[in-house]
Structure formats: structure tokens, C-alpha cells
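Engineer: One letter stands for each residue in the lines below.
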Amino acid sequence: MRKGTLEYCILLLLKKEPAYTSDIIQKLQEARLIVVEGTLYPLLTRLKNSELLSYQWIESTQGPPRKYYRLTGKGEVFLGELEVSWQELNDTINHIRNN
Amino acid sequence: MKKTLTINLGGTVFHIDEDAYQLLDKYLSNLRIHFKKEEGSDEIMNDFEMRISELFGERVRLGYEVITVVEVEDVIKRMGKPEELFDAEASESKSFEQSGTKERQTVQKRLFRNPDDRILGGVAGGLAAYLGWDPSAIRIALFVLMFLYGVTIPIYIILWIIIPEAKTATEKLQMSGKSVTIENIGKTVTDGFEKVSENVNNYISSDKPRTLFQKILDVFVAVVGGLLKIILILLAIILFPPLLLVIFVLIIVLFALVFGGGVGVLYSILPNIHWHTFDMFPENVLIWAGISTVLMIVIPIIVIVYMILSQLFKFKPVANSLKWTLLIIWIVAVVANIIFAARFGLPFWGDWSHWSWDTTWQQIQMLL
Chain D
314 MRKGTLEYCI LLLLKKEPAY TSDIIQKLQE ARLIVVEGTL YPLLTRLKNS
364 ELLSYQWIES TQGPPRKYYR LTGKGEVFLG ELEVSWQELN DTINHIRNN
Chain V
34 MKKTLTINLG GTVFHIDEDA YQLLDKYLSN LRIHFKKEEG SDEIMNDFEM
84 RISELFGERV RLGYEVITVV EVEDVIKRMG KPEELFDAEA SESKSFEQSG
134 TKERQTVQKR LFRNPDDRIL GGVAGGLAAY LGWDPSAIRI ALFVLMFLYG
184 VTIPIYIILW IIIPEAKTAT EKLQMSGKSV TIENIGKTVT DGFEKVSENV
234 NNYISSDKPR TLFQKILDVF VAVVGGLLKI ILILLAIILF PPLLLVIFVL
284 IIVLFALVFG GGVGVLYSIL PNIHWHTFDM FPENVLIWAG ISTVLMIVIP
334 IIVIVYMILS QLFKFKPVAN SLKWTLLIIW IVAVVANIIF AARFGLPFWG
384 DWSHWSWDTT WQQIQMLL
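Protein chains in written order, with my numbering: chain D, 314 to 412; chain V, 34 to 401.
Chain D extracted, bound-state conformation (with noise of 0.2 Å):
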């Protein structure tokens, strides 16, 4: 349950802009989504594998190039499908709540 909000919440972070590791995991964190980084790699190399991201190596300022991840044409479409379900569960819930 949580790993796949974990996987909707990666996408839509990068919907709204392209970012660095870095940024998703410190926006994660500060939405206390995950608490150890270390979940999010394997998760970040999995939905590049089904091509719903993609990256870059982009130069940064200090120290080596690091990965900028972005959507993929496919993952935004991905996402699109995810929303849907997403309002379908909260309805559906909120329909047993509210009876």
C-alpha cells in the first residue's frame, strides 16, 4: 500500500519539474514519506527500467555530475492512470465513511 503511494508521489513530484536524487528524496522526507534514503534508489532504477522516468547527468556546481530524473511521455500517461484509481479509491472510501 504505502510502496505504491511511494511510487505515485515520486511521479508527481516530477511532474511538476524535473529534479536531482537529492531533491526527491529531501522533499520525501520533509512529507515523511520515507524515512531512510535507501528505499528510494532501488524504487528510482525500477521505474526507470518500465520507462516511466528518465534521466540525465547533469553537471552540478560542486563534484561530479549526478543524475537529473525527469517523466517520460509514457510515465506521465502512467500517471494519468494513477490519478484516476487514486480519485476512484478516495471516493470509494469517503462513500463507506460517510454511510
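Read the hints as simulated data drawn from the structure, not as lab findings.
All values reported here derive from a predicted model rather than from experimental measurement.
Cβ coordinates follow ideal geometry from the N, Cα and C atoms, glycine included.
Don't take every hint at face value.
[Stated by the list, open to error] Now the in silico label distances, taken between C-beta atoms and shown as ranges: (1) R345(D) <-> L277(V): 54 to 64 Å; (2) V397(D) <-> V318(V): 22 to 32 Å; (3) V397(D) <-> D107(V): 36 to 46 Å; (4) E71(V) <-> V397(D): 24 to 34 Å; (5) G165(V) <-> E401(D): 46 to 56 Å; (6) S354(V) <-> R359(D): 19 to 29 Å; (7) R359(D) <-> I334(V): 50 to 60 Å; (8) V368(V) <-> Q342(D): 50 to 60 Å.
[To be verified] Taking lysine-lysine pairs in the DSSO-like style, the calculated list, with each CA pair at most 30 Å apart, reads: (9) K110(V) <-> K59(V); (10) K69(V) <-> K387(D); (11) K110(V) <-> K200(V); (12) K70(V) <-> K361(D); (13) K248(V) <-> K340(D); (14) K110(V) <-> K361(D); (15) K36(V) <-> K59(V); (16) K36(V) <-> K262(V); (17) K380(D) <-> K142(V).
Let chain D serve as the given structure and place chain V on it in line with the hints.
Structural biologist: Same frame as chain D, but now just chain V:
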């Protein structure tokens, strides 16, 4: 005063204390083991190293020239221990049940081979940890029994093959039935780490230093293990074609029985068997006998082939439930066959003295 090492981590050079290096190395290799099965594991490990390199870089920029154990421990806490990372995915479903039943922590003990306490394969060490006995007692018992019956040698080898080695901290804890909590894992990781620092000169081995006697045994184990593997592969290569043929024939038998009128076909393929004796049996008995015979032969072949292939390639481990199901099906099939044979005997076996593969093969080709 401490000796330092120079490492290249994610493309940046760092000076790192020797003990800090051991800890980091252990941490990274633990991660590597965990992600080994994952697609793109190299990339994941690379991400980890890059990130750790970044974090170290920040420290260095603050003026700390050397990476010490404190920094490494900090990084591990930040990135998460392999168990935290891995269990976050695995224990999702469990957390629901646990929250319902007042955190009843049942510790699941599992039998592993103990890589930290081994003479040969760590079977005795693992058994000792599992049973809570003294490993030496088990070793002496095995040794004495070897002279009394000699059965302990094949039993030991079978256990060696079947029981998996405890590789990660979680598995080492499960081996002795300690609950898998963060504190305990921390203890295991640092335990291993202390063991390492006792033996600073030994860079490669992350376990206890091996004595000369143990090293000789290790070589022996490697040689025998290699030979066994080669024999196994050769055996499979030799046995494979005839076994395939047997399966093929059995499947034809099955089809022939199911769709009826097959006796003539069978007769042409294997005239040695007294097929007419089968007429005595009811058809459903024959079908079941056929199915159980096919299963009895096919299952071990699949297992052997799978084992050999998994030696050559990295396969995901098979679920235990599947293993047990296969074993049970096989046992049922064997028992069924024994019952058939005992009930009806083998009157159809016929005369095989003039039989050869070639004629059978010719018949099959003619049929096709």
C-alpha cells in the same frame, strides 16, 4: 594515531580510517547481496555509492579531512540498513496483522549454514545455532557416528546442499532465533565489524581469521565442490537425452491410453513390452498409472535441470511452497507406482535382451 586508506567512491577520492573502511565495505557488500536479484542492481549500487560520496564530500568541505567510523555510521543511519530497506517492502502485509494482534513477536527460527562458525560447510555450526547447542558437541557426534555407521557423510553432504548459507544479518539472527529488530541487527553488524578489527591485516576475508588447518580444509572443500559440480553437469548431459526419450514415450503412452486405440501404436514403438497384458486392467487405472509414472520421472528431471541451470545463471530462488508441492506430488506418484507394481506386478515387462535405442527411435520417427 590511526592508519588510513585512500578509496575511490563514486569518482571522488577520500581518506578513510581503516576501521571505518571495514564498516563501509561490509555495509555495501550487504546491500549488494540484497539487491543481487534485482534488475539493474549495478545501477542501484552505483546510486548508493554516489550518494554516500556526496555525503562524505559535504563533511570534507566542512574541514574534516578523514572519514571516520562516526561519519560512516551516520551515513548508514541515513541510508538505512539493508534489513530496513528490504523489510520495508516485504513486511508491508505483515504490519497489518501485527498491529491487530498486540505486537506479538513470534520469532521464526530458520535453519541456516553458519558461515562464521564452520570447519567444512558450516552445517554443524548452523545446527548448533538452531538447536542452541555447542557446535563442538555436534561435530564430535558427527565424527564418531561417521565411524559407527558411515551414514553421516552422505547426510552431511545432503544437508550442505539443501540448507542455505546465512548471508545477511537478518538471516544470521534468524539462525539462532533472535528477533529481527533494528537493535539486534545493529549488534550483528557491529559484531561482525569487531571481528574484523581484531584482524586488521586481513583485508579480504570479512569473517574470523582461518587457521592453517581450516585453510587446507577450505581448499579441499573448493576442489571437491568443483569436482561434484562437474560430475553433476556431466551426469545431466549424459542422462538428459535418454530421459527425454522416456518422457516422450510416456507422454505418447498417456495420449494413446486417453484417446483409446493406442495399443497398436505402442506396440510398433516398443514391441518388447507385452502390451496385451494391459487389456486386463480397467482404463482409468491405466491412465492414472501413466500420469503418476510421468510425474515420477519428470519432476526429478526438472529439479536436476533447474539446479544445474541455477548454478550457471543467477536465478531467483524458488518459493518454498512450490518446492513442497513438487515433493509431495512426487512422493504420491512414487507411492502410487509402488502400489500399482505391488498389486499387478510387472507381467508386461517382456524380453528386453535384443532391444536397442536405435530401433525404438526409428519406430518413433516412422510414427511422426
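Engineer: Against this structure, judge whether each hint is valid.
Structural biologist: Status of the hints after comparison with the structure:
1. R345(D) and L277(V) have their C-beta atoms about 58 Å apart, which keeps the hinted 54 to 64 Å range intact.
2. Against the hinted window of 22 to 32 Å, the Cβ-Cβ separation of V397(D) and V318(V) comes to about 57 Å, which falls outside the hint.
3. The supplied range of 36 to 46 Å is met by V397(D) and D107(V), whose beta-carbon atoms lie about 42 Å from each other.
4. Hint check: E71(V) to V397(D), Cβ distance near 29 Å, so the stated range 24 to 34 Å holds.
5. Separation of G165(V) from E401(D) is about 52 Å and conforms to the stated range, judged on CB atoms against 46 to 56 Å.
6. The hinted window of 19 to 29 Å between S354(V) and R359(D) holds, with their beta carbons roughly 25 Å apart.
7. For R359(D) paired with I334(V), a C-beta distance near 35 Å fails the hint of 50 to 60 Å.
8. Between V368(V) and Q342(D) the CB atoms are about 58 Å apart, so this pair conforms to the stated range of 50 to 60 Å.
9. This hinted pair checks out: K110(V) and K59(V) have alpha carbons roughly 14 Å apart, not beyond 30 Å.
10. For the hint pairing K69(V) with K387(D), the CA-to-CA distance comes to about 27 Å; that is within 30 Å, so the pair holds.
11. For a cut-off of 30 Å, the pair hint linking K110(V) to K200(V) stands: about 21 Å separates their Cα positions.
12. A distance of roughly 17 Å separates the Cα atoms of K70(V) and K361(D); the hinted pair therefore holds under the 30 Å criterion.
13. A threshold of 30 Å between alpha carbons decides the hint, and for K248(V) with K340(D) the separation of about 51 Å lies outside it, so the pair is violated.
14. Restraint check: the Cα-Cα separation between K110(V) and K361(D) comes to about 26 Å, which is no more than 30 Å; the hinted pair holds.
15. A C-alpha spacing of about 19 Å is found between K36(V) and K59(V), which places the hinted pair at or below 30 Å, so the restraint holds.
16. Between K36(V) and K262(V) the alpha-carbon distance is near 43 Å, which puts this suggested pair outside the 30 Å criterion.
17. With a CA separation close to 42 Å, the supplied pair K380(D) and K142(V) exceeds the 30 Å bound.
Checked against the numbered hints above, the structure breaks hints 2, 7, 13, 16 and 17 and satisfies the rest.
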